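Trainee: Residue numbers (the working numbering), protein chains in the order written: chain A, 1 to 425; chain B, 1 to 162.
No wet-lab data here; the hints were simulated from the structure. Remember, predicted model here, so these are calculated numbers, not experimental data. For glycine and all other residues, C-beta sits at the position ideal for the given N, C-alpha and C. There is no bait here: all hints are sound.
Here are some, though not all, of the chain A residues that point toward chain B, as calculated from beta-carbon distances under 7 Å:
{"no.": "1", "residue": "Arg42"}
{"no.": "2", "residue": "Ala96"}
{"no.": "3", "residue": "Val97"}
{"no.": "4", "residue": "Ala100"}
{"no.": "5", "residue": "His137"}
{"no.": "6", "residue": "Ala139"}
{"no.": "7", "residue": "Glu144"}
{"no.": "8", "residue": "Ser147"}
{"no.": "9", "residue": "Phe149"}
{"no.": "10", "residue": "Asn175"}
{"no.": "11", "residue": "Asp176"}
{"no.": "12", "residue": "Gly199"}
{"no.": "13", "residue": "Leu202"}
{"no.": "14", "residue": "Ala277"}
{"no.": "15", "residue": "Asn394"}
So the derived label-pair ranges between C-beta atoms look like this:
{"no.": "16", "chain 1": "A", "residue 1": "Val115", "chain 2": "B", "residue 2": "Ile9", "range": "53 to 61 Å"}
{"no.": "17", "chain 1": "B", "residue 1": "Glu156", "chain 2": "A", "residue 2": "Val115", "range": "51 to 59 Å"}
{"no.": "18", "chain 1": "B", "residue 1": "Ala157", "chain 2": "A", "residue 2": "Val115", "range": "50 to 58 Å"}
{"no.": "19", "chain 1": "B", "residue 1": "Arg141", "chain 2": "A", "residue 2": "Ser384", "range": "56 to 64 Å"}
{"no.": "20", "chain 1": "B", "residue 1": "Asn45", "chain 2": "A", "residue 2": "Gln353", "range": "39 to 47 Å"}
{"no.": "21", "chain 1": "A", "residue 1": "Val331", "chain 2": "B", "residue 2": "Asn45", "range": "51 to 59 Å"}
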Amino acid sequence: MSSRLLSLLVFSLATSGLLAQSTPQTQEPEPSVQSLLERIQRLEKRIGELEDHQRGQAAVSAGSSGSAAVDNTKAPQTNAVLEQPASHENAPSTTAVREAERHYPSLQIRGFGDVDFSATDKKGSVSGFNLGQFVLHFASPLSEKVSYFGELSFTAQPAAYEVQVERSIIRYDYNDYFKISFGKYHTPISYWNTAFHHGAWLQTTVSRPEMVRFGGTFIPIHFVGLQAEGNIPSGGLGLGYNVGLGNGRSSILSKAGDSGDANDNRAWVASVFARPARLYGLQFGGAVYRDKLTPQPGRNFEELITSAHLVWTKEHPEFLSEFANVHHRDVLTSNTYNSQAFYIQLAYRLPWQENKWKPYYRFEYIHKPESDPVFLDVSDLVGSTVGVRYDITNYAAFKGEYRNSRIGKDEPRVNGGFFQTAFTF
Amino acid sequence: MAYWKHASIALLLGCVCLSLLENLAGQNRDVDVAVVVHPDTPVSNLGLTEVRKVFLGDRQYWSTNIPVVLLIRAPVARERNVVLKIIYQMSESQFKQYWIAKIFRAESASAPKVVYSNDMANDLVTAIPGAIAFIDARDVRAGAKVLRVDGRLPGEAGYPLR
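Please build the complete structure, drawing on both the sequences and the hints.
Mentor: Here's what the structure looks like:
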């Protein structure tokens, strides 16, 4: 019995050893799944070429009969393929090349949506579902150097949906160092504002930090005007810049001057950031924004916002932090007011269950002087958020979080549970 | 006794299967992946960090008149896995999210073009000005412009893409 087992063992080891040695010597490897897939793809490509060939013949015969306009730029290519059917192996496949060529305009549409549930112990609050924002964005290269980008949002209101043009940008790229664009932007005064925009699915948490909340007034979320941006030659430091000139805030501080400026003064913004090549994932930078506000006729305030951010965008861990100081000066009385806000967010993509779980924590803080006549709608805030994100697929996620915050001075703390399913399509 | 007999046979069969699988997998392991560009691209050597910058879409022009056209293999291909692991340092889902976000930020007009075979990558990189692709070094066509990465060509010691 044992001799039979021994002979089987020797046979097995000898067989596997021979197989291991023989494979590199033979020049024909075993067909792997990958190579079979590639063969299928080559055959599919060949069928495509043959179909293209047939279409080309049809086009040539139609052209010779003078019944249709023939694309002059593509006809020679078609003929070249017809003349060289045997040498296709080393000549670029016209079908593949034509498919890969960029056509102008080339509109791509993507959507973002979210459905939310919230419940808090704040007096008078009502728990329940809401539809969040339905967002469509449009990207279309118009030529090799000119492209358009648009973003529309649909927000549920008690009586109807509010439709907003969130961004509408036409951009001309001269090179990597200089790109100029015109339109409506998310102001590059804040990292969050220019990283996640209206895509709830893109951000880890259910909501944005209060200092960059949509409809909030702490910083100007939108900016209408022109902007230059690009890289700064800096080797491994990876410097980049944004410089903008525009209308600034309208008389309603949360809105940009889409239909015209509130006063005869332009706002400007400048930001510089670094993405060091050796610390892939790290970004830090700062920005300055200056404007003149006219919240009421005859009341003018100078506004100067300075901000800084430090982020680590990889997910093991993810670290986001931002700080902003908003300085107001009453032009009439020369009284000055300084308000500060910051947040720190830490998240970690857990390595098990296909990296689907991502717990997170965020602390945020806002302070404003009681006497600031511009920030009547801004309240002091100290709050913590703890939650978890679960990615159902590559394009949809569940998020659940608990928030504990104090809004306003000497106000009681509010506890709340928030749930969201956010997706892109 | 019968139990030990079956266990030994199962163990032996397991050894044989493992050996075969290892042998098959070894055929594709440790083969360098070449960075191939269109012949007119005014670059012949890039640092790994510069290759990353190009593939992250942070560098979008070779020169003022030649935009970068990124070509990347479809999922499952070994070249794609090498690119995701070494260049992007991302999982497949993170890679998809990265490009959705990049376009959503209006930082890029389109994501990398997907190619389904090394033949197709060879075709397109030769035909499209500014194109750059990762191709298994064994499948690179004669005459193609292969970039040095960190000063090294595929096959040389210390070449980083494998």
